[in-house]
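Listed below are the residues making up each chain.
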Amino acid sequence: MKQHPYSGDESLWLDFQSGSELALTQLMDQYIEPMTYYGRKLSRNDDLIQDCIQETFIEIWQYRQSLKALQEIRPYLLTCLRRKIGKAIKKDNHISLEENPPTLTFELDFSIEDRLVKNEEETQRLQELNRHINSLSKRRKEIIYLKFYQNLSNEEIAQIMGVRYQTATNLLHEAISSLRELIPSKSILSLLYTWGYLFAH
Amino acid sequence: MKNYIDYQLEDFLEDQSFREWVRAGGKDQPATQWHLWLSQHAEQAAIAATAQEILLATGVKEQALPAQYKERIIENTLQSVQELAPHRNVFGRNWHFPLSIAASIVLLIMALWQFNIGPFGKQDPTPWTIIANKGEGATIKPIALSDGSTVLLYPGSSLHLPPTFASKQRVVHLEGKAFFEIQKDASRPFYVHSQEMVTKVLGTSFLIEAFETDPRFEVVVKSGKVTVSTVEKDSKKQQEIELSPNHQLVLERDRHTMVKKVITTEEVQRVSPNNIQKLIFEDSSVASILQVLEKRYDVKIVLKGASLADCALTTTFNDEPLFEKLKIICQAIGPSTDFKVLENQILITTKGCNN
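Protein chains in written order, with this note's numbering: chain A, 1 to 201; chain B, 1 to 355.
Quick caveat, the hints were computed from the structure, so don't treat them as lab data. Backbone N, C-alpha and C define an ideal beta-carbon position, used for all residues, glycine too. Treat the hints with care, as some may be off.
[To be verified] Listed next, the stretches of chain B that the computed footprint assigns to chain A, with coverage defined by at least 3 CB atoms under 8 Å from CB atoms of chain A:
| hint | region |
| --- | --- |
| 1 | 10-20 |
| 2 | 67-74 |
| 3 | 266-272 |
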């Protein structure tokens, strides 16, 4: 299972569309993990996520011949999954007193990569930065996550989140700009020093 | 080769190879391409350093997938797919044979688990509902639970509810801050999970403040008895503290310590709704009763339909949950009167008294 017969998304997708169960299996082996990680930000229920992933694969298998050719499979699968989870949450909303069902929200708290942090001073800086990142809107956090962790292009992110390309680009740009302002020039100097020191040795 | 010389902060952040380099330990690995390049382009080092800081502050801790999770999905999907196509090609079958065997073993283990009341057997297949107060306008969101309890959800918080409460216990998950008025039911304790803290009650009112990003969690008890415990991997380290009215508990999350102290009634009043002070209404107008409740709970109550200007009630309220109080009022007004929650408001619809 670990040795994948298909090396590129394009040929994998082509074979999948022509009805190869081998291609379907590789597709699942490759993408269940990233799909689950993304799904967990949209729902806390692992069983619901598992069901939605299963349904996604069964559905694309059923409609494989009518699907368009793909160069990149990941954004397509994440789009399908997001839609599925949204529907599942809506369907299972049962509180009768609640008029409007809760909409799909992206819940994630970024943490500090503390294994890579050396000293107290750096920790403090990163903590402040981290607090700010976590106070960003859910949409901005979702874009940062999709960009940094699912390695997607702005176009693909826009497709997944159902927003226009320009909207996605703006949200990402605004998020990064607000972070840049948070890093004082003094700390950059001290960083430079650190880096210089490291490079010199 | 990309033109790294013109790279701005965003370009570094958006470069997958740069991100991978940072997460792999970045600057501490001299033999890497990025290390080499940055040592030759000192003028770009400051921007790259900023980008690195942002990436280090934007970590994501993923919980590993449960054992056999992926295999289970693959096997389930293949099974459904094969059921969809009964006349399938026999020759195409061989390759997933080992997988079927693996799946049977998984199923066997799961069956054994169930006899031992393992985690698989206990899992609830129907998903939970998340109710969030997104915090726009900073109003409190009232939530009525199926057992008659009331939850007042503060801005920026969310409450996770099971499809139905179990027969032995009532469990909810809270992220953030909420005030609970729990309907008394001695046979079914009520549990509020918030990260590593669990609050257990039988019937009482209390406030929990547990935002995931905060270093400390707080519980303030208004009435009744509350037990707070920590969730620890090592059960020997688990602590438990019992609280009574006017007790405040602070959990210091990084030090894993819980401290209990007594606070004044004024302090309790300041942080929570005034819900337990006895209310006596004698021939009071419904409008004025609702006004008192609005003020005490800090919620918005809207009336729709007929005017209740000439409706009067005589009633006494103690410490019942808000929605129980509203139920009593609605029943007293007449059969046409009912209430529901709309966004962050409570809407009372009526055709007038005795209608």
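Going down the list of hints, with the structure as the test:
{"no.": "1", "hint": "10-20", "in the structure": "holds (count 5)"}
{"no.": "2", "hint": "67-74", "in the structure": "holds (count 5)"}
{"no.": "3", "hint": "266-272", "in the structure": "violated (count 0)"}
Hint compliance for this structure: hint 3 alone is broken.
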